[in-house]
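> What follows is each chain in one-letter form.
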Amino acid sequence: MAMTQNDRPQERLIMDAGDIARAVTRIAHEILERNKGMQNLALIGIRTGGVHLAHRLVQRIQEIESASVPIGELDVTLYRDDLSMRKEQPILRMTSVPFDISDKVIVLVDDVLFTGRTIRAAMDGLIDLGRPAEIQLAVLVDRGHRQLPIKATYIGKNIPTSREEDIQVLLEEQGEDDRVVILKA
Amino acid sequence: MSLKRKDLLSLAPLSVDEIKLILETADSFKEVTGREIKKVPALRGRTVVNLFFEPSTRTRTSFELAAKRLSADVINFSPSSSSVVKGETLLDTARNIEAMQADIIVLRHPSAGAAEALARGVKSAVINAGDGWHEHPTQGLLDLYTIRERGLSFEGLKVAIVGDVAHSRVARSNIYALVKLGAEVRVVGPPTMIPAGVEKLGVRVYYHLDEALRDVQVIMMLRLQLERQGKALFPTIREYARLYGLTSERVKLADPKVIVMHPGPINRGVEIAPEVADSLSSVILDQVANGVAVRMGILYLMSGAN
Amino acid sequence: MAIHIAGGHVIDPGRFNGVADVLINEGRIVAVGPNLKVPAGATKIDAKGRLVLPGFVDLHVHFREPGFEYKESIQSGAAAAVAGGFTSVCCMPNTNPANDNQAITEFMLERGKAAGLANVFPIGAITKGLEGKELAEIGDLRRAGCVAISDDGKPVMNSLVMRRAMEYALAFDVAVVDHCEDLHLAEGGCMNEGVVSTELGLPGMPSAAEDVMVSRNIALAELTGARLHLAHISTEGSARMVREAKSRGLRVTAEACPHHFTITEETVRGYNTYAKMNPPLRTEKDVQAIKEGLRDGTIDAIATDHAPHATQEKQLGFAEAPFGIVGLETALPLTLALVEEGILSLESAVDKLSTAPAKVFGLAKGTLAIGADADVTIVDQHEQWEVDPAKFFSKSRNTPFAGWKVKGRVRTTIVSGRVVFEASRAEG
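Chains as they are written, first to last, in the working numbering: chain D, 1 to 185; chain B, 1001 to 1306; chain C, 2001 to 2428.
One chain only, chain D, in its complex shape:
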């Protein structure tokens, strides 16, 4: 059938492996610069996309400063604002923040910043764990279309999109070649 090719969503490459690596390195430098070293610094990745990026950032930071940074993983599902509208509840991934976040500068890490709702949920979730001195936000891609007054502190790349488009960050840790793509149905 003539349709077969259109059945598979078409990918448009936005960032390749090199672009991602350079963006991660730049953000690592920016985090260190802004926070004047790493006193009280900790990174927390938002499940699932932000976790791998948080690990990459921590690794880069350690390469630059040769000291370790605490890292945590946050599942924001229980803080989502659409739970009462869903028929079936989403599967929970574990939150694991094995350190006290109080008085720390926390850099939340996510792959794509879109409506801002996930970040709102993440900040609520974070504050239930303690009272950080400051919360900053690092994202690999900012695609716009914010529905809440939220702004990233560190951005890998701004990518203007239409609302219907789907942006995906694919990483080696998930068994993919590193790349960021726009999918069109």
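One should not assume that every hint holds.
[To be verified] Dumping the calculated SDA-like pairs for lysine to any residue here, alpha-carbon to alpha-carbon at most 25 Å:
no. : chain 1 : residue 1 : chain 2 : residue 2
1   : B       : Lys1231   : C       : Lys2285
2   : B       : Lys1158   : B       : Leu1201
3   : B       : Lys1020   : D       : Arg80
4   : B       : Lys1020   : D       : Glu88
5   : B       : Lys1123   : D       : Asp81
6   : B       : Lys1038   : D       : Glu88
7   : C       : Lys2285   : B       : Gly1197
8   : B       : Lys1030   : D       : Asp128
9   : B       : Lys1038   : D       : Ile127
10  : B       : Lys1020   : D       : Ser84
11  : D       : Lys87     : B       : Lys1006
12  : B       : Lys1068   : D       : Ile127
13  : B       : Lys1006   : D       : Arg86
[What the hints assert, rightly or not] Label-pair ranges, simulated between beta-carbon atoms:
no. : chain 1 : residue 1 : chain 2 : residue 2 : range
14  : B       : Arg1120   : C       : Pro2039   : 54 to 62 Å
15  : B       : Pro1055   : C       : Leu2223   : 50 to 58 Å
16  : B       : Asp1286   : D       : Glu176    : 37 to 45 Å
17  : B       : Ile1075   : C       : Lys2407   : 46 to 54 Å
18  : B       : Asp1286   : D       : Ala67     : 33 to 41 Å
19  : D       : Arg163    : B       : Lys1004   : 29 to 37 Å
20  : D       : Gly37     : B       : Ser1248   : 33 to 41 Å
21  : C       : Glu2284   : B       : Arg1120   : 21 to 29 Å
22  : C       : Lys2407   : B       : Arg1120   : 47 to 55 Å
23  : D       : Lys36     : B       : Lys1004   : 45 to 53 Å
These are calculated hints, taken from the structure and not from any lab test.
On a predicted model such as this, the values are computed, not experimentally measured, just so you know.
Note that CB positions come from ideal geometry on N, CA and C, so glycine has one too.
Starting from the known structure of chain D, fit chains B and C onto it as the hints suggest.
Leaving out everything else, chains B and C in the frame of chain D:
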């Protein structure tokens, strides 16, 4: 994978994947219950009704705490069991409660099948918190969670369930789930307390405790209903305790790393010796703590929009 | 008023089986045979392709009047009876007050007559208030019109009382009917004891609770020489013991209910209160034994144990809901299913529904002999229909057979020469 059920009535029809999903979901809530602020907003605006036709402070409190930690509104409703006898059907009571816009009804009832009957009649999600001798699925799940938390795997796990199996909803829920997960389940008690045809559920029947305990990794004691004494199920508490009471001597017959479980409340010195209940092998208090996390998980999974 | 039933397949068990006309006049059968001389003005019923049978006799119904008219009255029960082809019904005494005296018996007979549908035969109590202690006035009950005695539903647990009842009944040549259940063994039970009751967590009643009492009753029948009729036997053990008792020439008869030869305890799954009756639904092995008992003559009669209960009563929890189902309007197709299955010949099926039960209680019914009361049931053996409790004539709808697609339907029922039921009119 998600829980595609309106209700949680029994473990018998649950698939292995569904059981695993519930246990994994409970992991997240175990983390929440370990925080300083043990509360998440997941069930904000939802109403959970604890409808208890039988007194059970433990189970009701556990559900109440679970619901509150999910930010749900909780109503406790304990109609006297006489209103059942008076002929108000369970359904009438439940429809009244449903009219209060309950999202989830947690039902404890003295009659087997009550939860099923309720679930058929109301739109709210129904969680069975014990129906007669039939099932107590959330107890079964928290028992599984406690076993798994100890690092034991279910496949080939040797479990002895000891006591009045015939009249135990806890035993039935555990039998259904453990057999499904591949465990080797032994039931042991006086023949008067072993229900007809139970071996067809995939368990082995023992009448002698010492024999049944050999090499088991889990000992699950059932609560003895003391009021059954004299109803010809066993002659005296004294003899029952001697034949089926778990002593530290008997624990030695089991696997060295055996865990001892009990759904509570315990008759100390009857089905379980005090030194066993308080020993390192005892996970009885873990069961209570895990009960809240597991019930949070279940409430969360059942809270999808109707 | 004469009625001419033309061209049907007439079965009068043991006497006639073939295509013939039946002529009824002044409430009696006046002729059976081909090419009858029909008096002028006789109403003709075309029965071509249909079965023309002696009206069915149910040895075991509960019509709930007096006392529980919201479940069933004698009027509504009799309407259900004739809709199911039953022209005679024997009503158990567990009414309120119980039928343990002449006044109640006369009341029931009167109500039966007023209904003008089926013949209503009361069964009197064995003991006062069905309490199993003091004998009821069995002589008076008999004289007033009771056709048998029974404490149905409340078996006589005291063996001495049962012995005395059997002895006393000898004087009136009346059958003693017992619901066989050891109340201690069955205490608290609400379904058959076995793996299903274990799975459902419901208290069970072991089949031994029935067997123990069947055995006792047979021993007492042997001791006293009484006419013993065993109500609704449901177990393999019962069937075996009745067979053995009959082989020794004891005056023991037995009935079985359609549900006990049609469905098993599996029907209870889902806590279906419409599958709750006493004796309970048993296992497949028991169902086979009941069928075999019907086939080899161990079980004389098919009786319905028609036990109406209001919907709200059956909506209670399984343990709290009352025992019993309605049966009058489904008995025929369930019995004909045994014919289809090859268990019974068509003639023996008719015998179990009609001729044999009449003999058990000594009723002058269940025959198309010349001069007999003109109680006739005309059946379409092949008509398929779906059981819809909403269409029952009974006041109650408690049946596990709702939605079943069954075969065999009553077309016309005649009692004492009067057409009391016509399917065509009921459908219209």
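> Hints first: check each against the structure and report whether it holds.
Cross-check of the supplied hints:
no. : hint                              : in the structure
1   : B:Lys1231 / C:Lys2285             : violated, 31 Å
2   : B:Lys1158 / B:Leu1201             : holds, 16 Å
3   : B:Lys1020 / D:Arg80               : holds, 23 Å
4   : B:Lys1020 / D:Glu88               : holds, 17 Å
5   : B:Lys1123 / D:Asp81               : holds, 23 Å
6   : B:Lys1038 / D:Glu88               : holds, 24 Å
7   : C:Lys2285 / B:Gly1197             : holds, 15 Å
8   : B:Lys1030 / D:Asp128              : holds, 15 Å
9   : B:Lys1038 / D:Ile127              : holds, 12 Å
10  : B:Lys1020 / D:Ser84               : holds, 24 Å
11  : D:Lys87 / B:Lys1006               : holds, 10 Å
12  : B:Lys1068 / D:Ile127              : holds, 19 Å
13  : B:Lys1006 / D:Arg86               : holds, 13 Å
14  : B:Arg1120 / C:Pro2039: 54 to 62 Å : holds, 59 Å
15  : B:Pro1055 / C:Leu2223: 50 to 58 Å : holds, 51 Å
16  : B:Asp1286 / D:Glu176: 37 to 45 Å  : holds, 40 Å
17  : B:Ile1075 / C:Lys2407: 46 to 54 Å : holds, 53 Å
18  : B:Asp1286 / D:Ala67: 33 to 41 Å   : holds, 38 Å
19  : D:Arg163 / B:Lys1004: 29 to 37 Å  : holds, 30 Å
20  : D:Gly37 / B:Ser1248: 33 to 41 Å   : violated, 58 Å
21  : C:Glu2284 / B:Arg1120: 21 to 29 Å : holds, 27 Å
22  : C:Lys2407 / B:Arg1120: 47 to 55 Å : violated, 31 Å
23  : D:Lys36 / B:Lys1004: 45 to 53 Å   : holds, 52 Å
Figure legend: structure checked against the earlier numbered hints; hints not met, in rising order: 1, 20, 22.
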